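Asks: Each chain, written out:
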Amino acid sequence: MTLFNQHINPSTLQRINYVLNLGDNALILGHRNSEWCGHGPVLEQDIAITNISLDLIGQARLFYQYAVELMNESSSIIELATEDSIAYLRDQSEYKNVLLVEQPNGDWACTILRQFLFSTYQQLLYNGLLKSSDQQIAVISEKALKEVNYHVKWSAEWVIRLGDGTEKSYQRMLQAIDNLWMYTAELFDLTDYENWAVQNDFGVDVSILQNEWMKKVEDVFTEATLPVPTQKAWQKGGKTGVHTEYLGYILTELQYMQRAYPNCIW
Amino acid sequence: MDTEQEIWKILATINDPEIPVLSILDLGIVRNVICKDDENIEVVITPTYVGCPAMDVIATEIRMNLLQLGIKNIQIITQLSPAWTTDWITQSGKQKLKEYGIAPPRLQKATHPQNNLFVEEEFVPCPLCNSTNTHRISQFGSTACKALYQCNDCKEPFDYFKCH
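Here the protein sequences come in this chain order: D and C.
Per my numbering: the first sequence = residues 233 to 498.
Per my numbering: the second sequence = residues 6 to 169.
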């Protein structure tokens, strides 16, 4: 099912894409984290990661509800979009999340590092979006930011605990950095719809967040006795719908019920 | 009948499904009640945490209760800004939390900045013995709004409604 078509005017489409990118990042990372439910290393951390998951899925809902409003206002298609149709009926090329959030959980080190790298970025992004001229984006960011602050603190503490922990936990963090670092460039790479959002005063220029992000990462890595990678990150594509193989598997699970039993209701 | 007063009275009887000793008014999530006339009502609520599953239940409860009052057209509007804060929990709400065994949130301005790593909120008093000699076990507890603490004196583990 393609939710967008030529009936939506191009400027609204850019805005919808921008909002979907925000929502998709939250949904996919929330889904990944939810895979830990019942499998966390200790009960408290199982609860922590699933709480974060819930926060992220809550954010995704708010962004999707707003995207739906924009779609239905401007579209002439008879079948109206819903937050469910956005989550359950889009194919992977229509998802606009960054590649980082769809990477597999791996071990605890990998999950922690993914959360830290992403939450640090999300905190800077939402902070910037507080000043968005789009009222709805600004208020969702205001609300979500209070929770993201917890995510950053929690994940940063864990990066330090593992990096500056045992020989084994240190080695696993090194491996996690090796697995994930390549995907970080995309966070700061502007797509068309982000450029458009910046020009129209409702988006954040993510390219200028990179220095601050890097500084925070360096501070935490240093305290964690972890080396800061010097090689440039290069992988990108998620924001424009070109994903790694992993997203397909995520969607297969996420969308199973709606695909097998179309329009089924909970 | 003064409809608006009647509605506030009913809202005061609706409790949070996860912390059943607190009404939604104690929690400070009802921001406004707008009576257009006796049959058309808007209730404005604000979520505590964006992913809190209790919010959907609460909205349904509000609707069911007001329908029983004979109000036909009920609109429940979710307002995100200003974002909910634990400072909006009423004094009596905080007292009820404590009696229920959950340490109530402290005022925002009374707490230290929480962004410093490994710094935990200090002086969270044990709801059982009132000792402030307590420590945090986990920043995340049984629900999004709670952290897990333990009292160093009476050893009781307890939920702390975290400052938000």
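Certain hints may be false.
As the list claims (entries may be wrong) - Cβ pair distances, simulated, as ranges:
1. C:136 with D:398: 30 to 40 Å
2. D:326 with C:9: 21 to 31 Å
3. C:22 with D:454: 54 to 64 Å
4. C:161 with D:363: 18 to 28 Å
5. D:242 with C:137: 55 to 65 Å
6. D:269 with C:137: 32 to 42 Å
7. D:276 with C:86: 51 to 61 Å
8. D:239 with C:37: 35 to 45 Å
9. D:323 with C:100: 51 to 61 Å
10. D:460 with C:72: 23 to 33 Å
11. C:40 with D:477: 52 to 62 Å
12. D:447 with C:40: 44 to 54 Å
What the hints assert, rightly or not - Under 10 Å between C-beta atoms, here's a sample of chain C residues computed to sit facing chain D:
13. 48
14. 55
15. 57
16. 87
17. 93
18. 100
19. 101
20. 147
21. 148
Hint data in this document are derived by calculation from the structure and do not stem from the laboratory.
Only a predicted model underlies this, so the values are computations on that prediction, with no experimental measurement involved.
The beta carbon of each residue, even a glycine, is placed where N, CA and C say it ideally should be.
Asks: Would you pick out the hints that fail for this structure and give their numbers low to high?
Replies: 2, 3, 4, 7, 10, 13, 17, 18, 19
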